[in-house]
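Chemist: If you want the building blocks of each chain, they are given just below.
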Amino acid sequence: MVGVIFIPIGILSLLASNRVVEIVHRYDDVCIPAKYSTDKVRFIQSADLSKNCTQTITIPRHMKQPVYVYYELDNYYQNHRRYVKSRSDTQLQNGGVSNTQNCKPEQNLLGNASLPIIPCGLIAWSLFNDTYDFRDGTTKISVNKTGISWKSDREHKFGNVKPENFPNNLNESGVWIGGASLDVNKSLNEDEDLMVWMRTAALPNFRKLYGRIETDLQANTVLNVIIHNQYNTYSFDGKKRLVLSTTSWLGGKNDFLGIAYLAVGSLSIFLALVFLGAHLKNRRSLGDINYLSWNKKQQQNGNTRS
Amino acid sequence: MMNAMNVPSKRSTLERRLDMLILILFSILFIMCFIDSICSGIFINRKYWYLGLTSDVEDQFNPGNRFLVACLTFLTFVTLFSPIIPISLYVSIEMIKVFQVTQFINKDVKMYHKETNTPALARTSNLNEELGQVEYIFSDKTGTLTRNLMEFFKCSIGGVIYGKGVTEIEKAAARRNGTGIEEMESPAESHEKYFNFDDDRLMRGAWRNEPNPELCKEFFRCLAVCHTVLPEGDELPEKIVYQAASPDEAALVTAAKMFGFFFFRRTPTSIRVRESHVEKIGRMQDVEYEILNVLEFNSTRKRQSVICRYPNGRLVLYCKGADSVIYERLMERHNPFKDTNRDHLEYFGAAGLRTLCLAYRDLDINAYEMWNEKFVQAKSALRDREKKLDEVAELIEKDLILIGSTAIEDKLQEGVPVCIETLAKGGIKIWVLTGDKLETAINIAYACSLMNNGMKQFIINSDTKEIRDVEDRGDALETAQVIERYVAERLNESLRQAVESEQTQTGLELALVIDGRCLMYALDPELRGTLLKLSVMCKAVVCCRVSPLQKAQVTSMIKDGAKKITLSIGDGANDVSMIQAAHIGVGISGLEGMQAVMASDFAIAQFRFLTDLLLVHGRLSYLRISKVVAYFFYKNLMFTLTQFWFNLYTGFSGQRFYDDWFQSLYNVVFTALPVIIVGIFDKDVSITNSRKYPQLYKAGIENIFFRWRILIIWAISAVYQSVILFFFPIKAIEEGKNSSGRMLGLWDAGTMAFTCVVVTVNLRLFLACNFITRWHLISIFGSILAWFIFAFFYSGFRNPLDKQGNIYQVIFVIMGTWYFWYAIVLVPVASLALDFLHEGMRRWFAPYDYHIIQEEEKIKGVERDELLLVESPRQAPEQSLELTGLHGEMSKHTGYSFDSPCFDSFFASQEGVSMSQRSYDIARRASMRVSRRQSSDLGSDSPPPGHNSLI
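Chains as they are written, first to last, in the working numbering: chain U, 443 to 748; chain S, 0 to 950.
Check the hints yourself; a few may be wrong.
[Stated by the list, open to error] With a straight-line Cα cutoff of 20 Å, these simulated SDA-like cross-link-like pairs (lysine to any residue) come out:
| id | chain 1 | residue 1 | chain 2 | residue 2 |
| --- | --- | --- | --- | --- |
| 1 | S | Lys532 | S | Arg495 |
| 2 | U | Lys681 | S | Phe42 |
| 3 | U | Lys527 | S | Val56 |
| 4 | S | Lys730 | U | Ile701 |
| 5 | U | Lys527 | S | Trp660 |
| 6 | S | Lys46 | U | Phe678 |
| 7 | S | Lys464 | S | Glu438 |
| 8 | U | Lys527 | S | Phe42 |
| 9 | U | Lys628 | U | Thr573 |
| 10 | S | Lys730 | U | Thr642 |
| 11 | S | Lys301 | S | Met330 |
| 12 | U | Lys593 | S | Gly795 |
| 13 | S | Lys730 | U | Pro646 |
Note that these hints are calculated values from the structure, not bench results.
Extracted from the complex, chain U is given alone in its bound form (with noise of 0.2 Å):
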């Protein structure tokens, strides 16, 4: 019966899951200047160099809008505790400096008292701060980045708070590290990038969304991306993916779960085959009484003595 409801279910999630074009473009290790290649920390956290980066992808098929960016960190903890707990729900919300507790060793620029850092605590610290910028050969296409965060962080997660104090990309010592900075205007409920950053991810390897291009993409285009390479993932050799992806109804690329109720429905109608099968070879009827243990055993021992 599983198996009835199961498969179909299974095959359907698989035909959505293979409707959807999805484009994975590593980046983190061509985009970086050969003479930098073994020291890729230097490169990344010296202010000065030009980080940009140009990259081409060909659409292999034809991509119908809209287009999800995402970008890609591999071997990113952001499910360590202490950087799971180094934020400050009700500072995001409110502003303030009050439960600021957690964000140790970002609660305050600098360790002065005087500067408290708003938006306190790690993951707000190491934002995330690649950006790219689409081309169709020399026209741009634009990547809308408005609702990549979900409605609920927006209106009841983050307040009307604007940044204060953000170490805008320096470490405590001040050294650069690499990361991104608050513009002090853009309130926080404003800066859907933080929002959905701040959504820290579960697993080590992560995707979160960029923004949408919102115009079709046809078989074979050839993209220009440029991509403003700035965020460390060198120092701890994280790979970093530029993902271009369509959906369907059900949502992305996602073939397991597909392939879970797939899995699940067939081996449940091969037991129920296998079962069938050995009770018709070795059959007892149910409730019968004879095959009762202690019954067998007379009947044994009655064979034994006929």
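We have chain U already, so just place chain S on it with the hints.
Modeler: The following block gives chain S in isolation, referenced to the frame of chain U:
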């Protein structure tokens, strides 16, 4: 009470095993914490710049001191993984047990004794499930198996059996064979105490029309004359009270009265009997028999004779005694029905009746005078008087003419044989530990269908000629040595034979009978092992003449030696030590005071209630508790493992996968109630079938439902499910975007996984329980609903519980995605698939017995059998049996018994000494000196009068 042992506090073996389980869980906890903390020490590194590890880092994450990191993280992990220890398990089990006790055991109508208005009483709630695993029952005899009430039941006169009654054992035998069952209304209820006999051929003078009226007359006269009973009270048949040394005697004299030979007065030299119907129907006359000599009963002679002179001068010796001694002394000729009578004796014996043979001899006056001289001499002898008296008695007790035999029923408690048989079918071995004599004990063993003639019996008895001879020499040390040697020999020999018969697989059942004195030596450390081995092989063990202390020793021997679960049942103060020694003590709450009940764990009114207590309540409690424990084990292990998997992906940082409150409420709210409901209501087969198939009980003895194997299966299932429950939800959202392309985060995954966990764990119960009531449905779906309601409230608005605001709005976000609904259908199905598969295979290909009975119930339908609604116990219709039904399995056992521990000294005690109260202390003290001959008589259930001097 100086002799009282410390009252041991009892815990069930299952609970002790549970402690082991908790220890295992602790070790799993520590292993997991250890692995993770070591890894966390290795993981932590400044290269993860976003963790802010460069300066001002607390010790727990300071890469400068990895060892300290590991240590501190270890503590974090202990708190994180602590839900693996099911703290609420103990509370839940306690609740379940208390409920079982107060609502089921104490209120079971089937265990309510109407006559005495006594319900069953569980005095502790610790041992419910132990009741489901009992393998050995040690039972006291008097007051427990029997009512200590003798009734004249049948007789055989001149080769004709009289008496229509059917003993319990015959009923049981008939049921076994399924033959000769004929409905018949129960015999007249209004019979006299000591007398349960009905046969129109003998009553009200009808015996005159029988083939042997003369012999009948002799029979009745023998009953009326040959005894040592004292009449008390008015000399009217209705009001007279017989003071007898043993209830057997009283029964015989009462029988004579009922037959119309009313013994009403005793003078030192005569007995007066009011005889009816002798000359003519309806005529009554008082006859005085002059008693010339009384040749008293003792345990060596096993007979008693009275020489009396009729008013007409006829001189007769009446003798009654064990068949063996009477048959030796019969006249060669003139005993035409000797053989028929022997058949009858065997029949009586097999029916569990106590038999006596009656015989007489007409004496020639001259011969008598000559003999009497010798008798007087012997009587006045100063040395060895008893021995001489015995010798003299031999001279005259010969050339007897057999009259017939009596059969007295040692009235068993209601339903005892059936109960014992049922329990035996359930794999329970029943030992009778009694202070009574060997013969009595064996008799009772027969009467309660413990033993039968098909069994090979090993009798180890100190009362042999050899030992007696040694004893007579009076050297205590030598006696001890001889007995010890004898016991050792017998034990080894028996064991050898037992092993032999086991190997040859003759299917012969074994029985061991041992008396208290031999037991004393057999319990010595050297012989203990042999005794244990032998007794474990035996189907029935009877220990007679044992002291209360020995009862406890035997119990402990099995408990500690064989590591089996024991139950002791008794009613009197002398059973207290045994009750305390066993795993479970059951007291019969009834007549013999409260000591036994006070020492017991359960009190029931009748022995037969043991069937219900064990087979229904014990079995179900065991089943339920083991299920509950296994389930708790599974659900906590599974829950914690999901967190463990998660932490492999968090850099071993000890990050929670679920919110704090989810984790705390998991055991207390979201999964607590259903398992308690299962613990209270689950039952595998209906109660009727629990009784019908006592073999189901074997599962408990073999501990089938709480073996390590079962737990390992649960553990495997827990591991499998935890993998599914962690990876499926997290995979589902890992790459997923819902249709607006947004990504889900850590807390979304955690909440989703937690939802799946709650649903799965609750649905798992459906697979685990056999029996679904609306309470199950309410509690299971209620728990799932409770989770959703909680989640809605908790994430619905900012609240102080969720300090970090992690879960704020999360549930609405995830419920707005397809993935959530996908996962919630898929994940529980996928995780339960393995269990479903296992259960299915089990049921299909290797079904447990209860599976089959469940199927049978399903097909045939179950009669409604709610525990508490049962009407008062139905009286089984009496059945009459054909006598031939039992003839087939007869052999040597004839059931002789004449129970009176101190018959010899009865008359001595009559002068001025009132009956001593049955007192615990007497028995106790007596037991201390059980090695001495005198007191070995005393270590019995009924300390006789006349030994007050000992105290």
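Chemist: Hints numbered earlier in the text: which of these fail when held up against the supplied structure?
Modeler: none
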